[in-house]
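K.L.:
Here is how the chains run, residue by residue.
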Amino acid sequence: MAVIIKIMDKEDISRVITRMAHEIIEKNKKAEDIVIVGVRTRGVQLAERLLSKLSAITKREIPFGILDITFYRDDLDRIDEQPVVHSTEINDDLTDKVVILVDDVIYSGRTVRAALNALMDFGRPKKIELAVLIDRGHRELPVKADYVGKNVPTAKDEKITLYLEETDKVEDKVTLERRDE
Amino acid sequence: MNKFVWKRKDLLGLEELTADEIIHILDTSKSFYEISTRAIKKVPVLRGKTVVNLFFEPSTRTKTSFELAEKRMSADIINVSTSGSSLTKGETLIDTVKNLAAYKIDILVMRHSVPGSAHMLSKILEASVVNAGDGAHEHPTQGLLDIFTIRQKKGRIENLKVAIVGDILHSRVARSNIWGLTKLGAEVILVGPTTLVPKHFESMGAKISHNFDDIIGDMDVINMLRIQKERQKKNLFPSLREYSDLYGLDERRVKKIKKDAIIMHPGPINRGVEMSASVADGPFSVILDQVTNGLAVRMAVFFLVTGGRKGKGIM
Numbered sequence: 002m003a004v005i006i007k008i009m010d011k012e013d014i015s016r017v018i019t020r021m022a023h024e025i026i027e028k029n030k031k032a033e034d035i036v037i038v039g040v041r042t043r044g045v046q047l048a049e050r051l052l053s054k055l056s057a058i059t060k061r062e063i064p065f066g067i068l069d070i071t072f073y074r075d076d077l078d079r080i081d082e083q084p085v086v087h088s089t090e091i092n093d094d095l096t097d098k099v100v101i102l103v104d105d106v107i108y109s110g111r112t113v114r115a116a117l118n119a120l121m122d123f124g125r126p127k128k129i130e131l132a133v134l135i136d137r138g139h140r141e142l143p144v145k146a147d148y149v150g151k152n153v154p155t156a157k158d159e160k161i162t163l164y165l166e167e168t169d170k171v172e173d174k175v176t177l178e179r180r181d182e
Numbered sequence: 229m230n231k232f233v234w235k236r237k238d239l240l241g242l243e244e245l246t247a248d249e250i251i252h253i254l255d256t257s258k259s260f261y262e263i264s265t266r267a268i269k270k271v272p273v274l275r276g277k278t279v280v281n282l283f284f285e286p287s288t289r290t291k292t293s294f295e296l297a298e299k300r301m302s303a304d305i306i307n308v309s310t311s312g313s314s315l316t317k318g319e320t321l322i323d324t325v326k327n328l329a330a331y332k333i334d335i336l337v338m339r340h341s342v343p344g345s346a347h348m349l350s351k352i353l354e355a356s357v358v359n360a361g362d363g364a365h366e367h368p369t370q371g372l373l374d375i376f377t378i379r380q381k382k383g384r385i386e387n388l389k390v391a392i393v394g395d396i397l398h399s400r401v402a403r404s405n406i407w408g409l410t411k412l413g414a415e416v417i418l419v420g421p422t423t424l425v426p427k428h429f430e431s432m433g434a435k436i437s438h439n440f441d442d443i444i445g446d447m448d449v450i451n452m453l454r455i456q457k458e459r460q461k462k463n464l465f466p467s468l469r470e471y472s473d474l475y476g477l478d479e480r481r482v483k484k485i486k487k488d489a490i491i492m493h494p495g496p497i498n499r500g501v502e503m504s505a506s507v508a509d510g511p512f513s514v515i516l517d518q519v520t521n522g523l524a525v526r527m528a529v530f531f532l533v534t535g536g537r538k539g540k541g542i543m
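Quick mapping for you: the protein sequence lines, in order, are chains A and B. If you read the first sequence in the numbering used here, its first letter stands for residue 2, the second for the next number, and so on. If you read the second sequence in the numbering used here, its first letter stands for residue 229, the second for the next number, and so on.
Take these hints with a grain of salt, some might be off.
List of simulated lysine-lysine pairs, DSS-like, C-alpha gap at most 27 Å [what the hints assert, rightly or not]:
(1) 270/B - 128/A
(2) 299/B - 270/B
(3) 54/A - 31/A
(4) 483/B - 389/B
(5) 435/B - 484/B
(6) 145/A - 174/A
(7) 461/B - 427/B
(8) 269/B - 127/A
(9) 128/A - 269/B
(10) 54/A - 28/A
(11) 270/B - 127/A
(12) 484/B - 382/B
Chain A regions said to be covered by chain B (calculated; three or more residues, Cβ under 8 Å) [unchecked claim]:
(13) 69 to 79
(14) 85 to 98
(15) 122 to 136
Hints were generated in silico from the structure; no laboratory data involved. Backbone N, C-alpha and C define an ideal beta-carbon position, used for all residues, glycine too.
Between the sequences and the hints, there should be enough to build the whole structure, so can you do that?
P.N.:
So, in structure tokens, the structure goes:
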């Protein structure tokens, strides 16, 4: 039997995104060169929310992009089925921009590595920063998030899932699933 | 997106594919289309993989398209064409291919004049085989890029009326199109003289017309095939001029087509025979879109056939 624990609710998620938006602006002064890029699939909705917060605070339109990292994965040879690829939608040249890469959970760090390689094919950004809602540890590569919503220490066999209203039709929440001994 | 999972190691023809499989290739192609619009038109999907392009028949555009698709996916490429190959020294196809496979290649792209040759090789090779045309049998990537273009322009395939005009009898492009389009619910009408459009094509689920003017006003898509001038020598039609008069697409005939119809051609065009120059370059023509789309479709095919198999190499 598995036990499912809710570790963040709707208000927690909203508060954390607001805080991250303020941190991004604080660190990047006027946030003029910022481009927000969400990693498919869950990073996209989070990036959209972060974007609307940032736009509300700065009262400016901030460029937005969507990144599909499938082509850059390092495990295409090892998985049994080819993953479904979605399109990448980055319309701006990223050269000299500050890219805020957004994903839901950081775990092994391999997704971030793939995303970094992918981003480099769109120009030479001035800087890339990483924003994640959850950092669950267990990194396999030397990468670190610049903005973290919540640190959640986990065991490797536990599962973290983010539910968002727009895609899952349930109230926003983050759950942790663990095997009951 | 669909939850469909691709299982095949080869792409041999559209006859054996299900509608779901065809749609999956088309959806995947959409994602690859974007790569060619980037400043850096290269992704590392086939990094470290070896692709052999083995062409036993002359080809410029198909070969170029395959080669560019391979390069944009970072594959290592070897091109083998008949003139320089040991087949002219009497080696059999199987020996040639086994020798290539001994280098542990990952994908073999082959064009050959014998129908079924790609199917045969797919059974003995562990590498993926992509059929780039086998005789008059199939040319699956051309069929797929045609269907992709129709879907891109018309938004759907179901219930569209698609005319394929010309030398259906000798055309692998026609066969792949008929299989694919009928599976996705289009109505396919084959148009040409009885010598080039024999009645037995009805068994593939297509309709037949010998009078282009009768049906032209009703078509959503008109796909014009190339007329090979050599065919006339075999008395399949009296003269190129008569063929052009009855089945060619010129300004006069284009006036009869639907306002939102599209005109296609797999190339190379015999301007003035099956299609006038002004029609080929005219507002209904999507011929160059077909070329652009071919690249995306071929990239998607490579991505899918190389997926998820461990321990590839030779037989």
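K.L.:
For the pair we were handed, residue 269/B and residue 127/A, check the Cα-Cα distance against 27 Å.
P.N.:
holds, 21 Å
K.L.:
Three residues minimum, CB to CB under 8 Å: does the segment 122 to 136 of chain A make the cut for coverage by chain B? Let me know.
P.N.:
holds (count 3)
K.L.:
Need the status of pair residue 270/B, residue 127/A: alpha-carbon distance at most 27 Å?
P.N.:
Status holds; Cα separation ~22 Å.
K.L.:
Can the segment 85 to 98 of chain A be counted as covered by chain B under the rule of three residues or more with Cβ-Cβ separation shorter than 8 Å?
P.N.:
holds (count 7)
K.L.:
Between residue 299/B and residue 270/B, is the straight-line Cα distance small enough, at 27 Å or below?
P.N.:
Distance ~7 Å between residue 299/B and residue 270/B Cα, so the pair holds.
K.L.:
Would you say the segment 69 to 79 of chain A counts as covered by chain B, given the rule of at least 3 residues with C-beta under 8 Å?
P.N.:
holds (count 7)
K.L.:
Given the hint that residue 270/B pairs with residue 128/A, does the C-alpha gap stay at or below 27 Å?
P.N.:
holds, 22 Å
K.L.:
Assess, step by step, whether the Cα of residue 54/A is no farther than 27 Å from the Cα of residue 28/A, and give holds or violated.
P.N.:
The given pair, whose Cα atoms are some 16 Å apart, holds under the 27 Å limit.
K.L.:
Holds or violated: residue 145/A and residue 174/A, Cα atoms, limit 27 Å.
P.N.:
Holds, at about 24 Å.
K.L.:
Is it true that the CA of residue 484/B sits at most 27 Å from the CA of residue 382/B?
P.N.:
holds, 19 Å
K.L.:
Hey, residue 435/B versus residue 484/B, does the alpha-carbon distance stay inside 27 Å?
P.N.:
Distance of about 20 Å is within 27 Å: holds.
K.L.:
Measure nothing beyond the straight line between the CA atoms of residue 128/A and residue 269/B; if it is 27 Å or shorter, mark the hint as holding.
P.N.:
holds, 22 Å
The structure shown violates none of the earlier numbered hints.
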